[in-house]
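K.L.:
Sequence:
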Amino acid sequence: MVFSSVIFLFGFLPIILVIYSLTPEKHKNLTLLLSSLAFYFWGENLLVLMLLASTLANYFFALLIGRQDKLSPTTSGPTKKLILGLSVAVNIGLLCWYKYSNFFVQDILLDAAGLQNGLTQEWTTVILPLGISFYTFQSMSYVIDVYRGTVPATRNYIDFACYVTSFPQLVAGPIVRYKDIAKQLVKRTVTLDDFHEGVNRFIVGLAKKVLIANTVARSADAIYALPAQQLDAPLAWLGAACYTLQIYFDFSGYSDMAIGLGKMFGFTFPENFNYPYISKSIQEFWRRWHISLSTWFRDYLYIPLGGNRVAPWRTYANLWIVFVLCGLWHGASWNFIIWGIFHGFFLVLERGPWGKMLAVFPAVFRHAYTLFAVMIGWTIFRADNMTVAREMLGAMFGFGKGQPATLTFSYYAGPDVLAALAVGILFSIPLWKKTLEKIGGTTVGVLIHNVTLVTLFILSITAVSSSTYNPFLYFRF
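Residue numbers (the numbering used here): 527 to 1003.
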């Protein structure tokens, strides 16, 4: 079940909102927990047991760490480290098994040995649980924060399980940290203003997903599926542009919907995107893109490795490590690893002389450089394998094998796609946001805002109801 589906919009969500509103305050977390488990079970069936097992294990790991401080605050260090190490090993072990075992066996072990693919059939039946990357990182951040003393270990399993499994952000983020919503888990209220704000935010996210992302996704998917002999530069760049907007509006749209849903249930989730395509460096891009993930890697990996407080070569190595793992977090495939290395390369480059040179260039050049690098990165990221990535990149730079007479650029760039590209580019910059801030308090501003939201909702519902094309990117993550 996805947020942009008829069953969710007209079935699951209205029913849960009614039940939740009628639930006494002290039982709201239990209601949300049961609702979230039902939401997960709808699509994943018995894999919900994996989610519950992970939640239960991390709950007890945190309790054990907290208990050590109470038993012997001055001598608990080694024991706490042991428990923390075991927690990290269990979490990473489960993540590696479910997400990377097929890749390791198929693409590394057996391919390197020259064995036939038929020998891997038993391994390729390992099913990837939806959202495992998100809820594993959330659980790990909680246990690590308990170890650091940032938050106390909660004894209320219902509260903790509600935090991990909360359906608004379970399968697509943002990665919420326990300390950010700990007080809200204990006591929260949903005001009419909060609910209204949540509905507005949800509508914006839904429109991003179904009106822009889904529209350009058709062309992106079709172009990336073309054989090399049918690709030339215009088609390849169109595919890259479509995917660049698809992944942003899909991902940020889901984050908007999650944040909006959180508001409806009394939670304030962190922002996850801040107009990343206006960035003027790759460093700035990662401060604006998937903020909850980039800050997670910063706080729980980059800084513990030494961050930039060590020798320059160590700092560069830390960046490489972080972004190789960031690539792997997104999926078990060589193209994700190469994508991580690619971004790590630019981050290392910008910490050196190139970064100083870049700072004196005109803003338009810095913006063009960043967007160009990001689009090349997305081309690698989107490709099903590195062969497809090489073919796409080759075509983009004029080395394609396509025969212009057989190509139909206009077929992939129809009026709907061109309109979605134009609107997507316009809303990739904060122009609309700044306009609303200027006129937001006026009668005209409120009227424009409300009419726009109603229009977006009607268009979105029409698109959801009339189309069966509704890709869900996070199956790969």
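Keep in mind the hints are simulated off the structure, nothing from the lab. There's no promise every hint is true.
Unchecked claim - With a cut-off of at most 27 Å between alpha-carbon atoms, the simulated BS3-like pairs for lysine-lysine come out as follows:
1. LYS960 x LYS709
2. LYS596 x LYS713
3. LYS806 x LYS960
4. LYS806 x LYS964
5. LYS625 x LYS552
6. LYS554 x LYS806
7. LYS552 x LYS713
8. LYS554 x LYS705
9. LYS596 x LYS606
This one's a predicted model, so the numbers in the text were calculated from it and none came from an experiment.
K.L.:
Next step is simple, just say for each hint if it's right about the structure.
P.N.:
So, going through the hints one by one against the coordinates:
1. LYS960 x LYS709: violated, 32 Å
2. LYS596 x LYS713: Given that 27 Å is the threshold and the Cα spacing comes to 26 Å, the pair holds.
3. LYS806 x LYS960: Between LYS806 and LYS960 the Cα gap is close to 19 Å, so the pair holds against 27 Å.
4. LYS806 x LYS964: holds, 25 Å
5. LYS625 x LYS552: Judged against 27 Å, a Cα distance of about 37 Å means the pair is violated.
6. LYS554 x LYS806: Roughly 44 Å separates the two Cα atoms, so the pair is violated.
7. LYS552 x LYS713: holds, 9 Å
8. LYS554 x LYS705: Cα-Cα ~19 Å, so holds.
9. LYS596 x LYS606: holds, 12 Å
The structure fails hints 1, 5 and 6 (numbered hints given earlier, in ascending order).
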